[in-house]
Amino acid sequence: MSTVPTLARSYEALRPKVLQRLLELRSTLDPSLGRLDDATARAQIGAVLDHLGNFIATGDLGLHRAFLHTFLAMRAAEAQSPASVLAMLVAIGDTAAQVAQEEAAGTPDGAELTLLLTRVTASTARGVNDLIAEELGRRVAQRTELTKRAREGKR
Amino acid sequence: MTQQGSPIRIAGDTHVGKVRTMNEDALILEPRLGLYAVLDGMGGANAGDVASQLARDAIRDFVLQRRAALAPKALLEAALVAGSTAVFTAAQQHRERHGMGTTAVVCLVVDPKHVVIAHVGDSRAYLLREGRLQTLTRDHTIVEDLVERGLLAPEEAERHPYKNVLSRNLGARAEARVDLLELELRPGDRVLLCSDGLYGYASAEAIQYLLGSGDAPEHVTRDLIEIALRGGGGDNVSALVIEAPAAAPSSTQVVRTSGAVTWWQHRQRFLQVASDGGLARNPIVRGLPAQEAIELVALSLCQAIYHDLEKSTGVNVWTFAQNLAAGWFERGGDWNAVRGIVDILGGAARAVVDDIRARDAKLGFLLDVAVSRALIVVELALGGLLAERLRQIDSDLIELHGAALDTVEHDTLETVEPLESGERSIERPGERPSERSIERPGERPSERSIDRFIDRPTIPFLRPERPVTSSGESSEVLGAIAKAITIARGRLSPRAELVAQILVALETVATDSGGNFAAAVLAARELYGVRSVDNAGVMPLFDAFDKARIVAASSVHQVRASPAIRVRVLRALSLAHQRLVAAATGLVLEAVVPFGERLREVQVVTGELREAVARAEQRRADLERKFATIVDPSLPWGARGSTEW
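Protein chains in written order, with this note's numbering: chain F, 4 to 158; chain B, 23 to 667.
Every clue listed holds true.
Once the Cα atoms are required to be at most 30 angstroms apart in a straight line, the calculated DSS-like pairs of lysine-lysine come out as:
| id | chain 1 | residue 1 | chain 2 | residue 2 |
| --- | --- | --- | --- | --- |
| 1 | B | Lys505 | B | Lys569 |
| 2 | B | Lys384 | F | Lys20 |
| 3 | F | Lys20 | B | Lys569 |
| 4 | B | Lys135 | B | Lys95 |
| 5 | B | Lys40 | B | Lys185 |
| 6 | B | Lys384 | B | Lys333 |
Hints listed in this document are in silico derivations from the structure and should not be mistaken for laboratory results.
Whole structure, please, built from the sequences with the hints as guidance.
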């Protein structure tokens, strides 16, 4: 029998502590988090933590990717670079895993949740990179097109 | 002899030595009673061994029978008295055993953190705590008594002819005067009970070294006896080691030690899975012989993970990923190949972890987490490279688009007419502003000309819909920018000077005719001013950047202008903000360079110190080997002057 519903419940129980830890440490965890005011940081981090809970419960990679896509776009609109968004998401996942390890140390659920959160973070990092690479591919194509047209224009 | 199954680890052993023909020492190893002892019998005509065994049995029986009735100290004291009585009585009953006796050093483990030690005679108890050895007992010899009373100097005691003559033992009388000691054990403490056959033939330094070696108690006991034998073995040798439970090693410690080693032991499996996954067919290593490709990529990552596990860092994995992908991208390679190779390596890592988990669930779990983190580090390194490439491509696109604009402006300026009264910009849901078209009265959409290339630009904020000035923005937009900034400044409190300065800078950058980063860099330098990372910090500046962005953006909506103009103003200010922040970040990075250099210097010094420590360790090991081979084993430790130590 899958333990994921149990782990999802464990995660939900830990979520307020994770949020609190992230709000306290956000300046040291990641510069992009550190720059945010309390309300914005709470909203952004809360959104990620909410989604992590959903992802743990459903394991739906499609939804995960969709979330990452939106999150990247929104942060890009706020002039955050993709690298800093990636670092921020990893910092959030890492802190969640750390809190799980501390709070539930020694229990099988605690150990499994720590591992699951670490793997989710790895999956997040992978997904973000794939999205950045897709965007890069599009822009490289645009550059090629523009270069070509610039040459044609000169002729 | 080793006792298992207790949180406290105990091992004890005894050896007849190299000179004696009979072992008169005796041990008590009773985990169920928590009772441990070394006894050293004495007396001619086979009486020594009888004395130690009689006392041993009497002490054990007494504790067994009375442990519920007496407190630990009283119990132990009474037990030793019972032992003395037993020996004394037997000596009285057998003329040939008259005068026999025994020493005893006894340890009662009350609980894993609490022991009571009792002793009579010159058998000793030592405590090794945090690497330091201390003697817990005082020998009951005539010479020691003289020293204690100040009648003999300690240095004279070593040479005194009666230094081995006991002032107390079990069996000399029916009663016995027992010295007692209560001890709180700390995690990792080791207590050694031993007869004079050990400390008489092994130096205190040797005992300290072996007790502190971290080896299991049974190995320590064996080595202690061995070194006493090498030191001469002129007496029976007995040693009993009691080890308090060590503090549980942290997950990090486990991974750094056994985790790293276990990982490295499975490297062949890692290489095999990577090979089976088709690593050698990946475009990144195309052209290399399969084996070479596997070693170049898979073995390198395997090594990097091993070193990172050992040192709890991610720097080796990071460097590996950077080198792998940067080289490939420089050769014009695509992302898919990188993703493919990283996935193969990730799969190999997980296969290894699964194998380890099947054998050792706990270690496997810790490694699973650690290796997953290593894979996150790989992604972070790759993400950094991708983002950097994205930034470069954006820069190229801006340049190319600028060039395209000039051409288009020149060719089509006459065809792009200003909006006239009655015209409106059409806004459709989901449509980018840059894609909006101009609707003219009486004109059907189908009649509009097909958008040219320049009407589908890559960089929306550079798209001209109006005749442009040399700065790329219309005078209307420039005017609106100025108005927005004026409104924004008016909304600030007088104390928000830094935000006000940033607003001025935003206007300068947004209306800069150069269209490059120069204005942003100049403005950032002015803002950065005398700030440095070690006093005021940079966070107030970046906080002010954010506030300026928010106040500027909200002020744009108060400008009296068409929505299209407001959109342009917003874009211009947004771009200016990005440039300003990027330039300020560059300045911050420049400012921290000296600290990075200082850090590298410190790393060099640390490396030299590590090497010095390693050399000292090597020298100590050499001296130990030398010591083991050059000494005259027929002499006891105390008699030959152990200068080699």
